[in-house]
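Asks: Spelled out from the first residue to the last, the chains are:
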Amino acid sequence: MIKTVDLTKVFRTEEVETTALNKVSFEIKEGEFVAIMGPSGCGKSTLLNILGLLDNPSNGQYHFLDNEVSSYSEKQRANLRKKNIGFVFQNFNLIDELSVYENVELPLIYLGYSSSERKKRVEEVLTQMQIMHRKNHFPLQLSGGQQQRVAVSRAVVAKPHIILADEPTGNLDSTHGDEVMNLLEELNKNGTTIIMVTHSQRDASYAQRIIRLFDGQIVTEDKTTEFVLTSVSQQ
Amino acid sequence: MRSKLYAAINIFCLSVGITGAILIALLLNHELSYDKYHLNHQNIYRIEGHYTLGGSTDHFAITAPPLAPALKEEFSGVKNYVRFHDTPNLSVRTQEADFIENNFFYTDSTVFDVFTYKFVSGQPRGALSQPNTVVLTSSASNKFFGTTQATGEIIRINNENYTVTAVIEDVPLNSHLLFDGLISIATLENAYTIHPNYFWSISVNYTYLQLYDDVTIESILENMDDFNRKYIEPSGSLLSAKASFTGTPLTDIRFKVIQMSPPAASKTSLMILLVVAAFLVVIAAVNYTNLATARTTLRAKEIGVRKSAGATSSQILWQFLCESLLMAFLALLLSLLLIEIVLPGFNTLTDKAFTITDVLQPYILLQLIMITTITGLMAGAYPSFILSRMNPARILKPVHHKTGGSALLRKILVVFQFAISVILITGTLTVREQLDFLDNKDKGISLENRLALILNGEPGNERIKRIQDNIAENPHILSTSKSSSIPGGGFNTVAVHAEADAGNYDAKITTNIVDEKFIDFFEIQIIEGRNFHEDTPGDHANTAIINQTAAKYFGWHDNALGKTIKWQFDQHGIPQTELKVIGIMQDHNFLNLNNPVTPLMLQLPNEEESYNYLNIHHAEGKSQEVIQYLEDYLRREEPDLLPNIQFIRQGYSESFSYEEKLGAIFGIFALVCILVSFLGLFGLSSFMAEQRRREVGIRKVLGSSGRGILALFIREFAILILTAILIAAPVSWFLLDNWLDGFIYRITMTPLPLLIASLSAIVIAMVTVSYHTLKTARMNPVDTLRSE
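Taken in order, these protein sequences are the chains called A and B.
Note that the numbering used here has the first sequence beginning at 1, numbered continuously upward.
Note that the numbering used here has the second sequence beginning at 236, numbered continuously upward.
Worth flagging that the hints you see were computed from the coordinates, not collected in a lab.
Hints may be right or wrong, so weigh each one.
Just some of the chain B residues that point at chain A, by a computed CB distance under 8 Å [to be verified]: (1) 646; (2) 936; (3) 937; (4) 938; (5) 940; (6) 1015; (7) 1016; (8) 1017.
Since we're looking at a predicted model, the values are computed, not measured.
We put the beta carbon where it would ideally sit given N, CA and C, even for glycine.
Looking at chain A on its own, in the form it has when it is part of the complex:
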């Protein structure tokens, strides 16, 4: 489903050149739940942005659903993105001026759904996420956990193949964090591919596989359990 070959991303300013990703190659199969871990500045977010078709790599190949997309234009990427990828962010990134309902409805508008279809889908997903009773509230009126549930609702409403989650529990306490992780696990069981960037060992334990980055390169790529054992033995 996703395959990268020697994926490289270099940021250039006037004087400094930073290599955020250095020849990263891996593959993710449909239905997998993969966590990406690593210290700050290791290139996790850069990788996630490229995987999420928000950014192009400087070099290397990126195969997304059997298309080589590394040199796609912004418009082509946007088209592919809105049909196939749902995003969940650490800071939720809900639009404060729009209600819960309107926030969740947004991707469907950009996909050109009719308003009756949108209503059906939004209410379905809000019920599923147990946030239906808050549909007319605005994001700032909700708790962090509720906001993230809205964000997850928005990510899944268009039934994407992949969900990209960037530190989804980073701004939540452990109870709310578990709630969100359970939601993601549930989605994964129903067949959605999930790629998650995280700092949290606990969150990573939900994944089937962990890709560990350091200084823009993959250090290990293991099954969760094995990784936990390895990291314990290293300590």
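For chain A, the structure is supplied; the task is to place chain B on it using the hints.
Replies: Relative to chain A, chain B alone:
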């Protein structure tokens, strides 16, 4: 680079606002200072006359010559009086050169006791007590003699010798009555002492009274019954006319609109200007606020660092207030430069002579510093307050702040700015359209390619005839005609008895003494009856041609031919002249398009009467040649007659100079307003784009195209602009329709000017908004959504 652009926009915007405010402050200070330099200004009044005849009342700033001495005689509260009698088209000669002068007055010798003028040479006492004496201003003295020390020199005025008895400094421009020279009224003594009854019925001079300190003008004007019985009624009864008088304080005359008064300033216009000044400053400050708040996110880090280093909120508040004050004072410096640039244009527009030194007068400077400080504080208050309250812990986190209330305020201000812009553009276009309409309107009379040689009744009729015959040889001169008045110039209006079914009908009618060519010369249509025949002796002093309005006014309708008009009453009220109507001419606008057509009669002169104008119709495009020819001819053949030649059209056009200026002022303020609104919108859209970067990022991640984002932003601003247009449409329609109602001849309003104005506003707004939005919309969403 970015912050340099913002600073430049800020300073420029503020300086435009401050410049506007300074110019208006200058003008207001000037307008409100009129005539206050006279030491006695609190005790001086101008007496105005209100005359009722034939069912209507006329109000004049001028009164009859005997009024002033009679008032002093009868009322002990009157300390002194001064009369000013206008005498235009004077021919002035010195040994070196000759001049046509239009700003001389005959005046009483008391003028220097009542009014305050500074003497350059000569003495105030007795300066104007003798006949044929004249006092000149410095400029006039310099012009005539090349020196301001002309006391004792001899000057020829209308071919008589006058002695210059004193030279005074130029009359300050903040005087309602401006002049270049004063001639002793004693010179007119003969003319001023003919039969008093006759004189009470004509108004020729301004009458100023100086009262004693404890006397009010009301105490005199409210006790006029005996005065009226003694002086006014005996003469008024001749024509069943009534007269009454009012007094205007000297310092209020500048704002008094009344016939024959020197040009007045409109208090309403000044109020509008004051509002515009306040508006300019507020908008400039608002623009600063918008731009500054737009940059809060950029400065947030700085504040976080400052606060974590120990700065208190009030220190931060003061830092930003000082910053905006500094901006305002930098803007003030730029304004002074801007003023230096725009002052000549402003002077032309307002007929003033301000210089940069006027701006630097202590009291104006004080006002400037106040305006600037207020502007700086107003501009900086909101962003300083917001910035100083920022929590350093929150600043470092990517949390954004909601600004609901102030966002609404900003939107209201944008609507307000654009509504004003649309009103001003609509106004500019409509004023232009009306002026074009007046310019092209069929006046019922031909004025193009026609010149008038001003004779002032000086040369005898035979000499005029000689000139007329001689210049007819010039191939460019098509025809000539003589008259006592010309279209667009001054006319005499007289009281007459018009023949009525029973007895007489007292009425007023404007007269013009003409030759038989006059009707053809101006291409006026005779619709009934015939033209004059100069060779028929019976036509002289016995016949009249009247216009349609006169026939209607006298109630003659279809049978006006053969009716009689009696006038020129003697001291017993017996008319000396009886005219028979021989022709009806089509109505034409003989005064100008500011006045409706009133009753008019033309007549041939009697033996004693002479003409004031020799009118010359020349070939198309030959005006300069013909003027040159006439000047050469007169200097050669008639050396004592000064060539005073004017375009007949000029008198017509001059009557709309105020409207022309109004149009220009409208246009300029429209431009400034659009510029400031444009910059304001630039600021606001940059603010919104900045504030909504995250939202744009989210929307793009969720699949919105750049075009979709642009449409979203434009829709929001379009709502503001459309609201502005909805407000501007009825307001401008109402204001302009009212303004147009002040014209006798006006255009019918169409939506076209409003449409053009609205479209310009929309285009300008869309271009401005698109600039920022496009940048934001093109941005990679990754940049706005970083959470690390």
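Asks: Work down the list of hints and note, for each, if the structure agrees.
Replies: Evaluation of the provided hints:
At its closest, the beta carbon of residue 646 of chain B sits 14 Å from a beta carbon of chain A; the interface hint therefore is violated under the 8 Å criterion. This hint holds: residue 936 of chain B has a C-beta 6 Å from the nearest C-beta of chain A, less than the 8 Å allowed. Given hint, residue 937 of chain B at the interface with chain A, holds; its Cβ is 5 Å from that chain's nearest Cβ, closer than 8 Å. For the restraint placing residue 938 of chain B at the interface with chain A, the shortest Cβ-Cβ distance is roughly 3 Å, inside the 8 Å limit, so the hint holds.
Because the beta carbon of residue 940 of chain B sits about 6 Å from the nearest beta carbon in chain A, less than 8 Å, this interface hint is met. Contact between residue 1015 of chain B and chain A, as hinted, is supported at the beta carbon level, the nearest pair being about 7 Å apart and thus within 8 Å. Proximity of residue 1016 of chain B to chain A holds as hinted, the smallest CB-CB distance being about 6 Å (cut-off 8 Å). Interface restraint check: residue 1017 of chain B against chain A, minimum CB-CB distance 5 Å, threshold 8 Å, status holds.
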